[in-house]
Amino acid sequence: MKKVYYILLLSLTLFNCDKTVKQDQTSTKETFYYPTVANFQNETLLKKVELDSLDNFEELLNIADEIVCDTKSPSIYFENKDAIFKFLIDKDCLIAFNIADYKERNIIFIQGDSIIINDKMSKPFDSIEKVLNNHILNKGKNPKYSTSIEKAIIFYHQDSLFKSIDIKEQLLKISNAFNGIRNTKGDSIPLKIKLQEYGYIYIEEPTIPIK
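Reading the sequence shown from the start, the letters are residues 239 to 449 in my numbering.
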């Protein structure tokens, strides 16, 4: 079975990302926590990153790298007129060396306005709701998608100058699509997102000559 190999740096354990809604004590808005409210109780392990204070994806990568190399988890924070959103986003530290092994089918790779699925298909980002449903809830049935709910993950990469306002828009769409899944399937459904330093590169397998 084909696998995707990545050179990683200090692999951090990503919590299962699910949605928990809680009324923020200092705001009238609902707050959506990813993974759960419980993961935000020990604030000494987290460091807040206000997405609106950043210019682009490169800044987000650099700040997230500093945080994970300090053995903490970046808590990406933003809000709109209706709600507050807090994400614990996974990333690998660039000053440590490790090798992680992911099966291709467990990954969907978001880059630009495209979603790459199992190294075979490319879908427009606007199809994120359908793709997430297929990917997260596949349970090993379709070989194009994840082997299990727990192993389904999103790799996220953008051009270094990709604006933070556009990152926010994409995260909101991912959040809305994921919340739809949880509303029908329950609070235990995880969402996993991991920042990637490098973009997706398709490597075509050589054709085996027929004798």
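One or more of the hints may lead you astray.
With a straight-line cut-off of 20 angstroms between C-alpha atoms, the simulated EDC-like cross-links for lysine to aspartate or glutamate are [what the hints assert, rightly or not]:
(1) 406 with 296
(2) 377 with 357
(3) 285 with 308
(4) 310 with 288
(5) 319 with 407
(6) 389 with 308
(7) 286 with 297
(8) 319 with 288
(9) 377 with 388
(10) 432 with 308
(11) 358 with 339
(12) 406 with 308
(13) 319 with 339
(14) 411 with 290
(15) 361 with 339
(16) 401 with 435
(17) 286 with 268
(18) 432 with 303
(19) 423 with 342
(20) 382 with 297
(21) 379 with 342
(22) 389 with 342
It is worth saying that the hints were derived from the structure and are not from the lab. In this text the structure is predicted, and so the values were computed from the model without any measurement.
Outcome of the hint check:
1. 406 with 296: Cα-Cα ~14 angstroms, so holds.
2. 377 with 357: 19 angstroms, holds
3. 285 with 308: 10 angstroms, holds
4. 310 with 288: 16 angstroms, holds
5. 319 with 407: 13 angstroms, holds
6. 389 with 308: Distance of about 26 angstroms is beyond 20 angstroms: violated.
7. 286 with 297: The hint holds at about 14 angstroms.
8. 319 with 288: Holds - the C-alpha atoms of residue 288 and residue 319 are around 16 angstroms apart, at most 20 angstroms.
9. 377 with 388: Roughly 9 angstroms between the alpha carbons, so the hint for residue 377 and residue 388 holds.
10. 432 with 308: Given that 20 angstroms is the threshold and the Cα spacing comes to 17 angstroms, the pair holds.
11. 358 with 339: The given pair, whose Cα atoms are some 19 angstroms apart, holds under the 20 angstroms limit.
12. 406 with 308: 25 angstroms, violated
13. 319 with 339: 40 angstroms, violated
14. 411 with 290: 17 angstroms, holds
15. 361 with 339: Not OK: residue 361 and residue 339 at ~24 angstroms, beyond 20 angstroms, violated.
16. 401 with 435: 16 angstroms, holds
17. 286 with 268: With Cα atoms ~18 angstroms apart, residue 286 and residue 268 stay inside 20 angstroms; holds.
18. 432 with 303: 12 angstroms, holds
19. 423 with 342: Not OK: residue 423 and residue 342 at ~25 angstroms, beyond 20 angstroms, violated.
20. 382 with 297: Not satisfied, since the Cα-Cα distance of roughly 33 angstroms exceeds 20 angstroms.
21. 379 with 342: 15 angstroms, holds
22. 389 with 342: 11 angstroms, holds
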